[in-house]
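Those protein sequence lines, which keep their order, are chains A and B. Throughout the first sequence, residue numbering follows the working numbering, covering 188 to 511 in sequence. Throughout the second sequence, residue numbering follows the working numbering, covering 10 to 364 in sequence.
Since the hints were made in silico from the structure, they are not lab data. Every value quoted in this text rests on a predicted model; they were computed, and no experiment measured them. Hints are all accurate, no fakes.
Each computed EDC-like pair below joins lysine to aspartate or glutamate, with the alpha-carbon atoms no more than 16 Å apart: (1) Lys156(B) x Glu209(A); (2) Lys187(B) x Asp242(A); (3) Lys198(B) x Glu281(B); (4) Lys411(A) x Asp389(A); (5) Lys156(B) x Asp208(A); (6) Lys380(A) x Glu429(A); (7) Lys187(B) x Glu237(A); (8) Lys156(B) x Glu237(A).
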Amino acid sequence: MPVLTYLEAIRLAMLEEMEKDERVFILGEDVGIYGGAFRVTAGFLEKFGEGRVIDTPVSETAIVGAAIGASLMGMRPIAEMQFIDFIGCCFNQLVNYAAKSRFRWGGGVPIVVRGPCGGGVHGGPFHSQNPEAFFMNVPGLKIVAPGTAADAKGLMTAAIRDPDPVIYLEHKFLYRRIKEDVPEGELVVPIGKARLARWGKDLSIVTYAAMLHVALEAAEAAAKEGIEVEVLDLRTLLPLDEEAILTTAAKTGKVIVLHEATRTGGPGGEIAALISERAFEYLDAPIVRMAPPDTPVPYSPPLEEYFLPNAEKVGKAIRALHEY
Amino acid sequence: MSAPVLTPRPPAGQLSREQLLELYRFMKLNRMVEEKLTNLYRQGKVVGGLYRSLGQEACSVGSAYALERGDIFTPMIRNLGAIFVRGGRPRDVFAQYMAKASGPTRGRDLNVHFGWLSEDGSMPSVISMLGDMIPILTGAVIAERMKGKKTVALNWIGDGGTSTGAFHEGFNLACVQKAPLVLIVENNKYAYSTPTSKQTANTRFVDRAAAYGCFGEQVDGNDVLAVYEATRRAIERARAGRGPTLIEADTMRMRGHAEHDDMKYVPTAMLEQWAARDPIPRYEKRLIAAHVATQEELDQVVARIDAALQDDLAAAEASSMPDPESGLDGVYADRPVAPPTPLIVVEWEARKDRR
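Pulled out of the complex, with its shape left as it was, chain A reads as follows (with noise of 0.2 Å):
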């Protein structure tokens, strides 16, 4: 099996649907000639031509609703944020167009809206955001988060065929930092389905992207202390695998629900619900909440450090939810 970095899983499987089907395109800012802000598109303009490698103006309102209008026409295009955080600027398109056409009057829209997302690379509240949580509340979209290079694979190449539109979250901090066996040709993981990336027996962390690497590590300190974590990598945030989350909650009884998001209305709400609704006789202590707090993402490294989630705080949720 090749070893792949995160970045070039996500890159192979647009480069591989592209290649497999010509409906398949991508537009953005810089994608084409310089390759993409992160050069997760370079070298698709020599091998693709401006016709399915289009750069655009600044304009994500017309990204997106170009992208929307081909997929109408029988496309299946890429979008690309070069931040996500720009896709606060197309917000309408996607909740008020892509989301509801279906639904409306029967126009499908496949698309991939997709970007780099997430903190730890000290690029400030407009370079460094997770929002997973604004996009969770609106019936029609999908929403993929992958923390494994096989993942960024399947899940892209899922994305790719989906009929409905998905925003893909592709975390920054991993694109170079994981490496690892990619299984070679055809991967396709299934949207709206968990893995369990670690067994245990005596607490569940639930968690998704980056914040899965602090799970593990912080699970393995916890072995060491003789406490079994179970991690659950939900890898799509919507629609979330309620029967994976469930399954693990009942199975230990106690869950901590970890992301980058921010708190409040963050994604572990609605999991800390689902479980409190439906698996609430299986509990035997407080769901607990880990997430950073409810400030915008700050820049200086000591600030951005203090504000995001590691192994050691998490140790500590661990520890203290283990004594319960």
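Keeping the supplied structure of chain A fixed, place chain B upon it in accordance with the hints.
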């Protein structure tokens, strides 16, 4: 899939008698459907608001009539006439306004918010947020170009809608891409209660064409043949790969924003002045003066429309409201709802022999 055969539309001066009368019929149909809807509204049978295009019928009908088979269009709230030109049925519009299950959205959305996808000419459904359809139609025709087709898209926007960011972003992208898009700015003088002078410091909307680097034309929006001809030229340029045209149509909204709005903010003298320019009587006089039709013949056109609309209205009123739980379907592809019939097919079948 076979590409539709494109037959260039004739210049306004070469329209046949039949075509000239068809323009008349569509403008009358537009107005008469809205009059019937106004009655329904007053009887409390319309769910929500009613948006009239009184005085603007020429803008919708003249422009849509210049489209070819396969072309894409998205009407705005005051472009009901364009939907009829492209094959939409009055009974669907009545049902839609009454939130019936038989309406094209099965009660999921309101007024002219419906659409269809068809090789013969798609109508992507409009949404309420103004300007949003400009980037969407731009993407649609870029996609058509990628497939090697020469499809053109037509969209309308009001003077108010030109102030949105989506207008700028979408139209700028269209011009950069030389996309085959024709945009009609219907300058109807008011956006709800806001006059154009509070919308923009330069109320000559056609000036924007130079700013975006595309073609620009100004047209008397109350002259159906002038609107047809300006749109036809713009479509011809777009299809030849010469990029977008912005057409400013000078017209006037003769009713309030919606029927609840008494529009006291519009000076009476202004309404009187524009009433004299009403596009329908103007066109009637022209047809009679040019011996295209007699008054009696035009009256017969109206009588036939009225009879048909009575049937449409009765059918729509008699149809049922949606099953409450049916609203859970169609959010995602895995719980599908049958899409609306592409109405244009019926229209083109009826008209194909004449093209």
